[in-house]
Amino acid sequence: MKIIKLVWSYLRIGIANELQYRVNFFIQLLQSFIALATGLIVLWLVFSQTTELGGWSQPELLAVMGIYMLVGGVIQSAIQPNMQRLMNEIQDGTLDFALTKPVDGQILISIREFRFWQLTDVLVGLVVIVIAIVQLKEQVGILQALAFIAALILGGIMIYCFWLILTTTAFWIIRIWELVNLFQGLYAAGRWPVTIYPQWLRIGLTFLVPVAFAITVPAQALTNRLTPLTLVEALGLAVLLMGLARVIWRMGVRSYSGASA
Amino acid sequence: MKRYIDFYLTSMKIAILEQFQYRAQNYFYMVGVIVEPTIYLVVWSTIANQQGGSIGGYSSGGLAAYYIVWTLVRQMNIVFTPYGWEDRIQHGRLSMELMRPMHPIHSDVSYFAGWKFVMIILWIPIATALALIFKPILNPTWVQVLVFVVAIWGAYLVRTMIYAVLGLITLWTTRVSAIFELVFALEMILSGRFVPMTLMPVWVQHLAYYLPFQWTFFFPINALVGRSSSIELLTGLGMQLIWILIGILIVKIVWHFGIRRFSSVGN
Numbered sequence: 004m005k006i007i008k009l010v011w012s013y014l015r016i017g018i019a020n021e022l023q024y025r026v027n028f029f030i031q032l033l034q035s036f037i038a039l040a041t042g043l044i045v046l047w048l049v050f051s052q053t054t055e056l057g058g059w060s061q062p063e064l065l066a067v068m069g070i071y072m073l074v075g076g077v078i079q080s081a082i083q084p085n086m087q088r089l090m091n092e093i094q095d096g097t098l099d100f101a102l103t104k105p106v107d108g109q110i111l112i113s114i115r116e117f118r119f120w121q122l123t124d125v126l127v128g129l130v131v132i133v134i135a136i137v138q139l140k141e142q143v144g145i146l147q148a149l150a151f152i153a154a155l156i157l158g159g160i161m162i163y164c165f166w167l168i169l170t171t172t173a174f175w176i177i178r179i180w181e182l183v184n185l186f187q188g189l190y191a192a193g194r195w196p197v198t199i200y201p202q203w204l205r206i207g208l209t210f211l212v213p214v215a216f217a218i219t220v221p222a223q224a225l226t227n228r229l230t231p232l233t234l235v236e237a238l239g240l241a242v243l244l245m246g247l248a249r250v251i252w253r254m255g256v257r258s259y260s261g262a263s264a
Numbered sequence: 010m011k012r013y014i015d016f017y018l019t020s021m022k023i024a025i026l027e028q029f030q031y032r033a034q035n036y037f038y039m040v041g042v043i044v045e046p047t048i049y050l051v052v053w054s055t056i057a058n059q060q061g062g063s064i065g066g067y068s069s070g071g072l073a074a075y076y077i078v079w080t081l082v083r084q085m086n087i088v089f090t091p092y093g094w095e096d097r098i099q100h101g102r103l104s105m106e107l108m109r110p111m112h113p114i115h116s117d118v119s120y121f122a123g124w125k126f127v128m129i130i131l132w133i134p135i136a137t138a139l140a141l142i143f144k145p146i147l148n149p150t151w152v153q154v155l156v157f158v159v160a161i162w163g164a165y166l167v168r169t170m171i172y173a174v175l176g177l178i179t180l181w182t183t184r185v186s187a188i189f190e191l192v193f194a195l196e197m198i199l200s201g202r203f204v205p206m207t208l209m210p211v212w213v214q215h216l217a218y219y220l221p222f223q224w225t226f227f228f229p230i231n232a233l234v235g236r237s238s239s240i241e242l243l244t245g246l247g248m249q250l251i252w253i254l255i256g257i258l259i260v261k262i263v264w265h266f267g268i269r270r271f272s273s274v275g276n
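Protein chains in written order, with my numbering: chain A, 4 to 264; chain G, 10 to 276.
Chain A on its own, in the form it takes in the complex (with noise of 0.2 Å):
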């Protein structure tokens, strides 16, 4: 319950705070709007070629663009931020502040910051899912709705988990300020489903970066390829990766000394 109340301030504390600076709002819906156009050049080069990429049609692939840009724009917005003041407190030795707060340390580290006009991406996202449907002329059921959403937040945990441990890390490496970039690379493999990959690189994209969990799957129940055995797959890794964040976040704590400041 306190949590609760908590996450629920930090975030009216994100919103009132990005709120002073309207403007933003239209820049990042601008931003959106070329990240958007981007991806719809791309796709329509590659179906300027061919009609099918690996299996996969167009309106299919738009899909999986849009809730690429979805996920894109929650770890934008929600993660991606709290991770790099973890990583700069890190650094400069200022998270005892944190941690001699009276609450959990690594729950506190994760609702810290919200970038709420960066949810315009999430919202670019859901309009291009929405036309994926219409033109899949396919019926989405309640089932695959549900199994679709599921998915969608099993895949959200993963990307928050597989982001804390590469942040954590930086308890003992300290300057990582490259992660970012490496994570974002990793990240754009998700643009394609990642059936198209070779072996190796599906395997890594799939348990050492939980990609294929957070943009594929969804994409395969919305386009009635999942099976419900990836379903439980994707929620034992989920608590697999959720025990091992945990793990991992208390070893890099009590290896961290401050800066007595």
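One or more of the hints may lead you astray.
Pair by pair, the computed Cβ-Cβ distance ranges are [to be verified]:
(1) Trp181(G) x Gln94(A): 31 to 41 Å
(2) Pro105(A) x Thr183(G): 36 to 46 Å
(3) Gln138(A) x Val213(G): 19 to 29 Å
(4) Ile257(G) x Val250(A): 51 to 61 Å
(5) Pro105(A) x Asp15(G): 55 to 65 Å
Keep in mind the hints are simulated off the structure, nothing from the lab.
For glycine and all other residues, C-beta sits at the position ideal for the given N, C-alpha and C.
With chain A held as given, fit chain G onto it using these hints.
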């Protein structure tokens, strides 16, 4: 002149020594960079295979060569980012650079040029691994190799100038990210970064010819991978030179008018 040469050599040496200390970070960065062309390579090879082995004159071996050379050209293309200029100008760090007895851009150009040597050395094992996995077909002539070696430095300078001009816009407005992202998007499409320009519609190829972007990606890669005539190779180098000169001129003009607007507190 001598003091510039001295400055460049020293600054490059410092960059090499400094960046070799951060090998792990450089590798992290590089892996992020390597994923991108691998994705494009997979997408286009999939299509090539669906269409019986080749697309727009590129076999899958040719595509592999294109995107592996891409990774080196991309390393050469890394320049001081416009976001770095934004940071310098907004936080007033530029005033420190202004104290120097030469234009601040010299320290960027020389530092990144030195860093390139570290990148090339670190790049070799990655390229070897990629070559073993994707089996590129690459048999350039000596002329092509020579042109390539010159062209990657030309590409570096062209891109440095584009992004310096872009970064200097921050002197007029602080909301620059949308402008930056728009240029990044244009570059993505019009440079050969996503797809070899020859796979583009003809009118796009015409348009790209008169823009700087393709001279920083497609031209150097194709110089080594493609079968360009000597005239095409020379034209490409000439276009790079023209864009470098235009870039220097615009940087000078923008600097001349922009720097008067710069003010900072403290430092």
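Q) So does tryptophan 181(G) sit 31 to 41 Å from glutamine 94(A), Cβ to Cβ? A) At 33 Å between Cβs, range holds.
**Q.** Beta-carbon spacing of glutamine 138(A) to valine 213(G) - inside the hinted bounds 19 to 29 Å or not
**A.** Taking Cβ atoms as reference, glutamine 138(A) and valine 213(G) lie about 25 Å apart, which means the hint holds.
Q | Distance restraint hint 51 to 61 Å, applied to the beta-carbon atoms of isoleucine 257(G) and valine 250(A) | A | holds, 55 Å
Q. Regarding proline 105(A) and aspartate 15(G), is the given constraint of 55 to 65 Å on their beta-carbon distance met?
A. holds, 59 Å
Q: Starting from the hint 36 to 46 Å, judge whether the C-beta atoms of proline 105(A) and threonine 183(G) obey it.
A: Distance hint for proline 105(A), threonine 183(G) holds at roughly 39 Å.
The structure agrees with every numbered hint stated previously.
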